[in-house]
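**Student:** The lines below spell out each chain.
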Amino acid sequence: MDNQYVIKTTGLSYHFSKGVNTLSDINLQVERGSIYGFLGPNGAGKTTTLRLLLGLLQNQEGSIKIFEKDFLTNRIHILKNTGSLIEQPSLYSHLTAKENLEVYRKIYGVDKSRITKVLQLVDLGGTANKKTKQFSLGMKQRLSIAVALLHKPQLLILDEPTNGLDPNGIIETRELIKRLNKEEGVTIIVSSHILAEIERMASHVGIIHKGKLLFQGPLSELQNMKNKQSFIQIDTSDNDAALSLLSAEYGAESKNGYVVVPYKEKWVTAAINRKLVEQNIDVHLLQPQQNDLEQLFIGITSNNN
Amino acid sequence: MSFIISTQSELLKTKRTASFWLSLAGAALMPTIIFLKLTIDPDNVVKSLAADPWKRVFSIAWQMLVALLLPMYIILISTLIPQIEFKNNTWKQVFASPQTVSNIFFSKFLTIHIMILFCFILFNLLMILSGVLVNLVNPEFTFLQRSIDWEMILRLNLKTYISILGISAIQYWLSLRFKNFVAPVGVGMVLFIGGVIALNFNWEHIYKYPYAFPTLSYGLVNKAGGPFLENHEWNSIGYFLFFMLLGFLDLKFRKEKG
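Just so you know, the sequences run in chain order A and B. Our numbering numbers the first residue of the first sequence as 1 and each following residue consecutively. Our numbering numbers the first residue of the second sequence as 1 and each following residue consecutively.
This is chain B alone, in the form it adopts within the complex:
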């Protein structure tokens, strides 16, 4: 009960902050680009999309999402929400209120993930909306005739979400550690770019490197057979558990709070 209350209080703190608009922008960017591309310049794509339009546009959008937008979004949102306390110098009031350290720590993390889930859901809804709108503008498209492969979309969402758990926990710990937001964002960006490079080199240990996990998940989403979770997805869960514990203990035993 007290955990729910702490989370409600955390959610209220995000009102009118950049974190909401960032989630909105992160979710809306690809659907908007796809809508514009298909309405303005439909000639070459009408035919190539005809057979399975939903799968094609979802694939194109998702590829950009996992390769660039999502890791950046996770890095930023994980920093922005703890920054609310640093920026306003309010940590002291939070720690002087009757909340356990675990409530403070986990409710803030949950707030970040409510934002992330909001972004995921909004992204999917806007993708569908953009397909429908494209078709209404230009009846030559087949979005309204073909059905959506819900199972594929669900699988894509779920596996991508699991793939970001590790990054999210690492970034959350970093952003509680540093008062200056440049530090966690900078470290996150460097680690993310390192991942992009490592992916290009086909590094053999890439499945141990959390910042590359979203791309790996996307690459393997259509693999037939085998277990639902890939090795790197288990690793993501491992990183998540480890850094959540580390972050919590770090906050709990911090000598100076706020």
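Excised from the complex, chain A in its bound form:
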């Protein structure tokens, strides 16, 4: 069943300095047609992984297969069908938007009309002849995406494409990513350190932490996991009494001065509230809370151990 994977790495490891592994044993599996959200905090190894996929870092250990072909021996073929945006925008500030695209147009061997097309696609049609020096960060980011899309790649590698964008820019970029995936069937791997961001667009998720891939699978699987780790935060007039009241039945614990109960379903929340009120305990706060990414990480890491 190998052929369903556009990207498949096996035992990928990398170290910048001897002894300290930046990446260890990364086995990425990016399915054809998916939006793969590559999630992890800063410094987890996201960019290192993506740079390895593009050959910007020399592979030290493990294998990389893209389009079922070994990267080392098929570099040109793979790069011809891959668009990329790594870290900050890579643009020539002294050239106009159009000229920036022209630099790569010939290399990819695509028609001149593609330039107008991709500029419209990223909503920069009106600024084609403006020097990119004068662009805002959001415009630069969009133009970089246009460069990545120039040759209609089958695979897009986007490293934090929404980094530094304003809320509007974030939404636009997200919609663009979804549209490309849906309408043109582009497989996209997009990295981010924001879980909510990935949840809104990805079909699959890989979570990387301290150079290790902790989770990989469909988004729904992650959401199940996340629900399991949600909890209700409770503050009352008498937290000690509330704790002893709820500990047996609902598994309540004390945490940071609050009573914390694992979240199950809506009616359980209501039942807890009723029970507290019946015992004459005043409820000041009763709030279901979903795990944030950090807590999810802790959850996943402790599960792994």
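Please note that the accuracy of each hint is not assured.
[To be verified] Which stretches of chain A does chain B cover? Using the computed rule of at least three CB atoms under 8 Å from a CB of chain B, they are:
no.: 1; region: 47-56
no.: 2; region: 80-86
[Unchecked claim] Pair by pair, the computed Cβ-Cβ distance ranges are:
no.: 3; chain 1: B; residue 1: L110; chain 2: A; residue 2: A196; range: 40 to 50 Å
no.: 4; chain 1: B; residue 1: L245; chain 2: A; residue 2: L72; range: 14 to 24 Å
no.: 5; chain 1: B; residue 1: E256; chain 2: A; residue 2: S136; range: 25 to 35 Å
no.: 6; chain 1: A; residue 1: N74; chain 2: B; residue 2: K179; range: 25 to 35 Å
no.: 7; chain 1: B; residue 1: R56; chain 2: A; residue 2: G125; range: 53 to 63 Å
no.: 8; chain 1: B; residue 1: L158; chain 2: A; residue 2: H77; range: 40 to 50 Å
Just so you know, the hints here were simulated from the structure itself, not pulled from any lab data. Since this is a predicted model, take the numbers as computed values, not measurements. In this text, a Cβ means the ideal position worked out from N, Cα and C, and glycines have one as well.
Given chain A, work out where chain B should sit, using these hints.
**Tutor:** Below, chain B alone, put in the same frame as chain A:
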């Protein structure tokens, strides 16, 4: 074919950059000075130039060119063009595009040399133009009556170009090596000044020292007989081949690209 495409892409990147203006300024400086000197203060020179004006002005200009302007220009232009990628943080996009490392390496080098050739050609054209203009301003000069020794000019150009091949390859390698442009320019300047000093001391091994080669070529250009290429010119070609190979392998096997 893909090499030509890579070179076209490299040339486009130099649009509106300092490298074009530097080439223009490098080529125009001496012809402008000569034009001004001969128009403003012609009295003493009209006679001394009368017999062979073209050869005299070319010699004066070329002497300044090889001694100072050209080595500095080569050092700067070899750094400026790779700097375009460093400054804009674009190496990563270049290496993530479907170009072989050899295409990237050699097309950039060719772009530098297209600039250098542009500078050479422009210099010669402006020299001729300045001679003609001087004569139009002041009819006492004999530029319009005397013919130009094309063979001498061609010889001068060709030998000077060969003499800079070594420096150019060394500087190109250095400027790919260092992200900060001060490093290759600084190293180049120190090596160049070292050459100037060594030339003054008539160092016996000077023909092995690439930064002195342009001056050596100029000094020997009128030598009668003997082979076309001098020892140091062969050395320049040797340095060129060695540092091109070194630079290419260095880039090819670099662990972190861009």
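**Student:** Now, for every hint given, state plainly whether the structure supports it.
**Tutor:** Comparing the hints with the structure gives:
1. 47-56: holds (count 4)
2. 80-86: Satisfied; 4 residues make the cut.
3. L110/B / A196/A: 40 to 50 Å: 49 Å, holds
4. L245/B / L72/A: 14 to 24 Å: 22 Å, holds
5. E256/B / S136/A: 25 to 35 Å: 30 Å, holds
6. N74/A / K179/B: 25 to 35 Å: Given a distance of about 30 Å, which is inside 25 to 35 Å, the answer is holds.
7. R56/B / G125/A: 53 to 63 Å: 59 Å, holds
8. L158/B / H77/A: 40 to 50 Å: Because 42 Å falls inside the window, the suggested range holds.
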